[in-house]
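J.: Guided by the hints, dock chains D, E, C and P with the ligands onto chain V, whose structure is given.
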Amino acid sequence: MDFDALINGLDRHTLDGITRGSIYALVALGYTMVYGVMKLINFAHSEVFMVGTWTVLGTYTVLGATAGMGVGMVIAATLLALLAAMLASAGTALAVERIAYRPLRKKGAPPLIFLITGIGCSLVLVETFGQVLRAFFGPPFGRVTVNIPSVIETKVVFTIPGIDLPVTNTRLLIIIGAIVMMIALDTFVNKSRLGRGVRAVAQDPDTASLMGVNQERVIMLVFVLGGAMAGVAALLFTIQYDITKFDIGFIIGIKAFTAAVLGGIGNLRGALVGGLLLGVVEVYASQIWDSSWTDVTAFIVLVLVLMFRPTGLLGESLGKARA
Amino acid sequence: MSQILDSYRGLQLGNRWDRAPKWFRTVALLLVVAFAFYLPFLNILPFAYIRTDLNPTGSDWASVLFLIVVYMIAAVGLNVVIGFAGLLDLGYVGFYALGAYSVALFGSPSSPVVQALQSRFDLSEEWAVPFVMCIPIAIAMSLTAGVILGAPTLRLRGDYLAIVTLGFGEIIRITARNLDNVTGGAAGITQVPVPPGPEIDGRSFFNTIDAERWYWLALVILILIVWLASRLEHSRVGRAWLAIREDEDAAAVMGVAGFKFKLWAFAIGASVGGLAGLLFGSKQQYVEPNAFMLNLSFLFVAMVVIGGSGNIVGVLVGAFLLTYLPERFRELQEWRPFAFGLALVLVMVLRPQGLVPSRRRAAEIEDRRHEAEEAAADA
Amino acid sequence: GTTDTGGGSDGGGGDDCTFKIGAMGALSGANASIVIPSVDGAELALDQWDNDECDVTLERFDTEGDPAKATPVATQIAGDESFIGVIGGAFSGETRATKSIYQDGGVPMISQSATATDLTQEDPVEVFHRLVPYDDYQGAAIAKYLTDEVGASKVFVVDNSEAYGEPLADRVEETLGDAMVQRDKTQVGQTDFAPTISKMESAKPDAIFYGGYIAEAAPLLKQIRDAGIDVPFVGGDGLYGADFGKAVGDAGEGAVVMCPCAPIEADSTFAADFEEAYGGAPGAYAAEGYDAMSVFLAALDDGARTREDVLAFVNDYQGEGLSKDIAFDDNGDVPAEQVSYWAYKNEGGTLTPEVEVKPES
Amino acid sequence: MLLEMKDAVLNYGKIQALHGITVEVNEGEVVSLIGANGAGKTSTMRALSGVRGLSAGSVVFNGEDVTKMRADQRLRKGLVLCPEGRGIFPGMTVTENLNMGAYTRKDKAAVDEDYDRVFGLFPRMEERKKQVAGTLSGGEQQMLAIGRALMSRPKLLMLDEPSMGLAPMLIQQIFDIITEISQQGTTILVVEQNAKQALSRSDRAYVLETGNIVKTGTGAELLDDPSVREAYLGVA
Amino acid sequence: MPEHEIVGAEELKDTSDHDKIAIETSGAVGEVLLEVDHVTLRFGGVVALNDVNFDIRRGEILGLIGPNGAGKTTCFNAMTGVYTPTEGTIRFKDQEIAGTKPHRINHLGIARTFQNIRLFPEMSALENVMVGCDARHKTSVLGVLFRAYRVRPSEGELPKSGIRRSFAKVFGISRHTLEERAGRRRSMELLRFVGIADRAHEVARNLPYGYQRRLEIARALATEPELICLDEPAAGFNPAEKEDLMGLIRRIRDLGHTVLVIEHDMKLVLGVTDRIVVLEFGQKIAEGTPEEVARNPKVIAAYLGEPDDAA
Ligand SMILES: Nc1ncnc2c1ncn2[C@@H]1O[C@H](COP(=O)(O)OP(=O)(O)OP(=O)(O)O)[C@@H](O)[C@H]1O
Ligand SMILES: Nc1ncnc2c1ncn2[C@@H]1O[C@H](COP(=O)(O)OP(=O)(O)OP(=O)(O)O)[C@@H](O)[C@H]1O
Ligand SMILES: [Mg+2]
Ligand SMILES: [Mg+2]
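Residue numbers (this note's numbering), protein chains in the order written: chain V, 1 to 323; chain D, 1 to 379; chain E, 1 to 361; chain C, 1 to 236; chain P, 1 to 311.
Keep in mind that a hint or two might mislead.
To be verified - Below, simulated PhoX-like cross-link-like pairs (lysine-lysine); rule was C-alpha separation at most 25 angstroms, straight line:
(1) D/22 - P/160
(2) P/138 - P/93
(3) C/6 - C/215
(4) V/191 - C/108
(5) C/14 - V/106
(6) C/196 - P/267
(7) P/160 - C/196
(8) V/155 - E/246
(9) C/108 - C/129
(10) C/196 - C/129
(11) V/106 - C/68
(12) P/138 - D/260
(13) P/160 - P/101
(14) C/215 - P/138
(15) D/260 - P/101
(16) C/196 - V/191
(17) C/215 - C/196
(18) V/155 - E/358
(19) V/191 - C/106
(20) D/22 - P/169
(21) C/14 - V/191
No wet-lab data here; the hints were simulated from the structure. The structure displayed is predicted, hence computed values, not measured ones.
One chain only, chain V, in its complex shape (with noise of 0.2 angstroms):
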């Protein structure tokens, strides 16, 4: 056990940590609104991110994009890859709704049910690209590692005042960028109409539907907008570590659905909470033990939480009633 080495760089360790967990945040979000709404841990939802991460590959292999262009190309193929990123997420997280999900709303199935056909889809997208993808295609495809350019290179861009910490312009993007988000997607469903007619099926959906709500036209909207969320969380994923793989997913997905837990599932701010909190937890844990009992150290934290707080950080944003 080594203290020292995380009090001495502890401010580094918080930056790192942070970044980290900006991402869990993003996925966060996906495993969070579709569980607000429908009770249901959409276990295909890592894969959705996975589907971010090619889509930008093959964007910027389309745009020919590399590293070392100019300001304005980069600009413009990182937008372009966000975009195409956010739009393939948030299809693919529809076509699972449509596929997996909505007949068995239809039927009326108990949610143990929707997680094993989550668990289905997720195993059919990871092994398209794994294998159908590479069948049909060949490379990238397949079960390798896969480059993908570091269109932004990355530098310092600043150096924090007094601690000394320097920031580089792709962990700035990574943090901005997911509380940017995540501010957004909060204000959207605490303001907006649509919003509240979230929250409204997520508490009752026949009332809600009594009121005004098209109950479909909120599950679509929830798995669009987690979806999309996924895909901002594949692009500043690439952006920072440069790789995709098939079933890149797998581990961000359960980072990222214990993150929402930890901030209490179902709730907005609890998965930006519980992702940050994670990310640094993990971050010091690697510190003073090593990578290999991060995981160990992540979940305990998960039960002592759970222990106190037993709906999470900030708890479930659903009110419970009693007798």
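T.: Just chains D, E, C and P with the ligands, lined up with the frame of chain V:
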């Protein structure tokens, strides 16, 4: 439309079974059991087509049968947790791992734990805890783990429990991987002991070649477990679980000690899982942390749900199909995971009540479906 | 314990020479790309075999690299007398789980890629042989490369916490002794290595060794370079493969991969034949797969017709293989002096042989 | 005619709850629906509001066939149900619940006016504006539900047992409010167990028995009908 | 194994036999059974109960009335362990129960129904009641699994046929089996008692509202409570049905239970209760016989309004 007919057909079969005279049911059950014991030798066409070794690259039929039965045991145990008590456990593999690791840690002469004991108590190098003693150890370890995990977390509701259990499964695996000097680390432990038995042809009774003996052993245990589990289902315990599942607060006010019963479900599920793991580790004679990845937990849940959560027969069918089909259709090779995922989605979308649903669930879903259909006024 | 239902062959004794050879490993799943080329290599050896008397087929058994799936396969092979040999297991875990089954069945094994030390050093079985040196040797060779060729005196050692990377890094650490500054671990599936990078920044190493696979090495290396750490990066044979250069991109320029595999000349007949048959350059352990099959075929050429015969032949085999000069010691290992280690440098996305390293034995 | 439901059949799984009933409501009327437990009153309301689809029959509202419309589409046309058991949103505050009532409305100023109107009718709601609705007492929830329904400015307001669980004084009040709303021009269809109150305030009424309409007439007629008196008024 | 045999089909024919479901009580009629002692309960700023005092005497039917939001249901929740009072104590049979877990309180002898029905919707009516009966059963989980606890059966409990009969004679019958049988019998009896035995095997969700209300009562009775609390049992009933319910409440008392009932229907309350406690804004404003309460001007002002003209 055909679906509706299908599900009714399923129901009727169950009803007819219930209405059949008792002697008929007993005889039929005995026949099924006898057939199960005979399965490894099944060689009469066309039935033999179910064997997995027909294909030149197929795997040994009896070994596959053994694995199927081990997974069936695990699934029946998990069904107590998910199907009966309605608790979503996504870390069941943790208990399975504990069972396997217990027999390895205490029974294998090459395990660090045994070696520590040897040097501590001046025992010979061959000494290890005998297999028979490993059984209570394995059950006790997984049961204790179940209680330790359950006690602080069972108060959590539904999906919070899911993620905590998922974490538990990972913790077990990662700890086993990281604690090199206790568990052998990532390389695992070899020389896991096998059950005692007479020597035949210079080989111990439970050896690596005659897999059907392992299968029979597992089958006996499965039958025992199924028998006990069905006792639970149709008793005050089963009713209490059902009541908790439906409305925990109301159940408490009716005198059902929710926490106690949930903990029991967890403990029972855990020990059955441990038992399955023990069988697996012993047959394999080798355990390593990567055998207990998260995916296996999902697979166990899928077995329970696809067959018909809550119904023991359904769960057995689910475990059978999900283990058997990938082995039987080896020729699909690297397309198997894709086909598997597709099958999961298709089966569940077409038969959300499970392949062999419990009658209660089937009726429930059937009713809801009618309602939902009519509710969807915009066809 | 199996009844022979489908297998048409009545293999076994007599002069009838119809046999099967099994190849067991992860042919599907995430790790398949490390295994398939070696089995292709074996197939190529069989195709090129010139023998009128015998009819040999290669059967590919997929284990997904999972010991639980491998044991039924092993039992099947052991129970079917028409199998006179096995190529595999490809990974150490499945090999550990199955070698006692093959031992009980008397089936000779030649592994093309299982490198765990204990397989031959701790509890050796008679039937097991392998064409690759075990981790201890490899670790020593890597350490030697780091100190002698790179001239490093402060090496930062990282492993992936798994059965492959951890013992390898242990051995590197052991050999390096004081020349190692710090050790860290990563996880399979990890993408963010900020904690490791910050440790590196404070340790200020003059070289980095990574024992792990490509999926993690690529982002790790990228993040190392992003952080401005410009020291040599060396990986074990887990990074050996055409994928490495592609996955790591520009950041991987100059990274070194150590492999106990001699370079296959791009214009050699093997490379050309392989390319023709499988439409690509020979991948990981293709030559070892080829060699393993060749040894079995030589046994049949020699008149071996039973498992015992084949086993005896393999035990005593001596000959020149594609990958190295082949002979097995009592434990089933290729003696150290016959093995060559090569450092391959990633240049423009391809691994080009740089230098040969011999560990002191 | 504002609303006409013809030969409606509604099933719950194998159970048939409505056996082809016909209900009509004219503009400006107060119509009540009475019947024993399980007679199908709630089912009728569900069918009218679109929460459940019909297996057979049709619903015409304001001259338009709405049989195939979803509940939210019907609401936009002015057909509003205040459901049995209140169906408030337990996790939203009182204000947010009322807001939901005005979900489809865009006329901000008029909405604000309606807030005042609702708070005028139920001062308790104004006191509890910020309370989470799930923790309101039974009667308070009922007030909230009615208030919320009013927020959508219905053409036809359907109330399913509005007096259920209310204290005697409040029951009076609720019926007074119903009369008041009706006088302000909203057509009302009300299901009630409190048959005496309901009948005395209705222009017309239907009596439902096991999924069939067995009687219909003006409120006064039914009040005097001996069989109705015996079965629903508790007077022999 | 069949999920539900048609038990009690023949039993249905004979008329209800109250002795079979009457409970044994351990004290004298008229003594204090439950005492609510200066109980205050706050939710954040809302004071739902404010220093409330009253007691319930064995054998009586006590009414609890008050305007909406007065704190009646909250009072039930405090008595049954759903909420813990902020201040004050609740004693049942001289035992402090405030803060005790709901299931423990049930074992002590208090049962309740819910204002918004909370049955186990997917269980049959009979099973719902059996869950209640189980509260009094002793077999543990291990007992169910291994059935080692054997009881020498009486003649009536022995199976009729040969082998099983001798087996039961030698080894006894497991307590679990006997309890299970007794539970079924009693549950059926209770269903008949509340008048819904004809749909005993129907899933609770599908029962009409009135049946569900009565099923809740049967389920509560099954736990053999000394005190049974009914929260608005007549809500949604028409006058004729209310009349029936009044009879049922009286008969429940005759079985030996003490009854506490919350109800807004004054006709029912005045007609059936022995004593009434009135709450308003969490405070007790009156207590007394129905006649006294009905005349009390405070109650009229706060609750009844001008003389009730409802039927
Ligand atoms: N969701 C449902 N599933 C199955 N059956 C139902 C459902 N809802 C109602 N029923 C059945 O339909 C019939 C009519 O019920 P409905 O609720 O319309 O009666 P109601 O007249 O409103 O009675 P109440 O006065 O009790 O509210 C009853 O027999 C009831 O059991
Ligand atoms: N969990 C809670 N949080 C906050 N306030 C609560 C909670 N539960 C009840 N209350 C408040 O306490 C008061 C008493 O509620 P209670 O449910 O006891 O009323 P009641 O007398 O049963 O009324 P009704 O006759 O309408 O059912 C109400 O004002 C209610 O809003
Ligand atoms: Mg109704
Ligand atoms: Mg109340």
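J.: All the hints need checking, so say for each whether the structure fits it.
T.: How the hints compare with the structure:
Distance hint between residue 22 of chain D and residue 160 of chain P is fulfilled; the C-alpha atoms sit about 15 angstroms from each other, no more than 25 angstroms. Our distance criterion of 25 angstroms between C-alpha atoms is met by residue 138 of chain P and residue 93 of chain P, whose separation comes to about 22 angstroms. At most 25 angstroms may separate the alpha-carbon atoms for a hinted pair to count; residue 6 of chain C and residue 215 of chain C meet this at roughly 16 angstroms. The suggested pairing of residue 191 of chain V with residue 108 of chain C holds, with an alpha-carbon distance near 15 angstroms, which does not exceed 25 angstroms.
Taken as a hint, the residue 14 of chain C and residue 106 of chain V pair is honoured in the structure, with Cα atoms around 18 angstroms apart against an allowance of 25 angstroms. Of the pairs offered as hints, the one joining residue 196 of chain C and residue 267 of chain P holds, with about 14 angstroms between alpha carbons and a cut-off of 25 angstroms not exceeded. Distance hint between residue 160 of chain P and residue 196 of chain C is unfulfilled; the C-alpha atoms sit about 57 angstroms from each other, more than 25 angstroms. Restraint check: the Cα-Cα separation between residue 155 of chain V and residue 246 of chain E comes to about 23 angstroms, which is no more than 25 angstroms; the hinted pair holds.
Using a Cα cut-off of 25 angstroms, the hinted pair residue 108 of chain C and residue 129 of chain C holds, with the two alpha carbons roughly 19 angstroms apart. Our distance criterion of 25 angstroms between C-alpha atoms is broken by residue 196 of chain C and residue 129 of chain C, whose separation comes to about 33 angstroms. Annotation: proposed proximity of residue 106 of chain V to residue 68 of chain C holds, straight-line Cα distance about 16 angstroms (limit 25 angstroms). Between residue 138 of chain P and residue 260 of chain D, the direct Cα distance comes to roughly 14 angstroms. Compliance with the 25 angstroms bound is thereby established for this hinted pair.
For the hint linking residue 160 of chain P to residue 101 of chain P, the alpha-carbon distance of about 43 angstroms lies beyond 25 angstroms, and the restraint is violated. Of the pairs offered as hints, the one joining residue 215 of chain C and residue 138 of chain P is violated, with about 54 angstroms between alpha carbons and a cut-off of 25 angstroms exceeded. For the proposed pair residue 260 of chain D and residue 101 of chain P, the alpha carbon gap of about 12 angstroms is at most 25 angstroms, so the pair holds. At most 25 angstroms may separate the alpha-carbon atoms for a hinted pair to count; residue 196 of chain C and residue 191 of chain V exceed this at roughly 45 angstroms.
Note on residue 215 of chain C and residue 196 of chain C: the hinted pairing holds, with a Cα-Cα distance of about 16 angstroms set against a maximum of 25 angstroms. Restraint check for residue 155 of chain V and residue 358 of chain E: the C-alpha separation of about 41 angstroms exceeds 25 angstroms, so the hint is violated. Between the alpha carbons of residue 191 of chain V and residue 106 of chain C the distance comes to roughly 15 angstroms, so the proposed pair stays at or under 25 angstroms and holds. As the CA atoms of residue 22 of chain D and residue 169 of chain P are separated by approximately 22 angstroms, the hinted pair is consistent with the 25 angstroms bound.
Restraint check for residue 14 of chain C and residue 191 of chain V: the C-alpha separation of about 43 angstroms exceeds 25 angstroms, so the hint is violated.
Hint violations for this structure: numbers 7, 10, 13, 14, 16, 18 and 21, all remaining hints satisfied.
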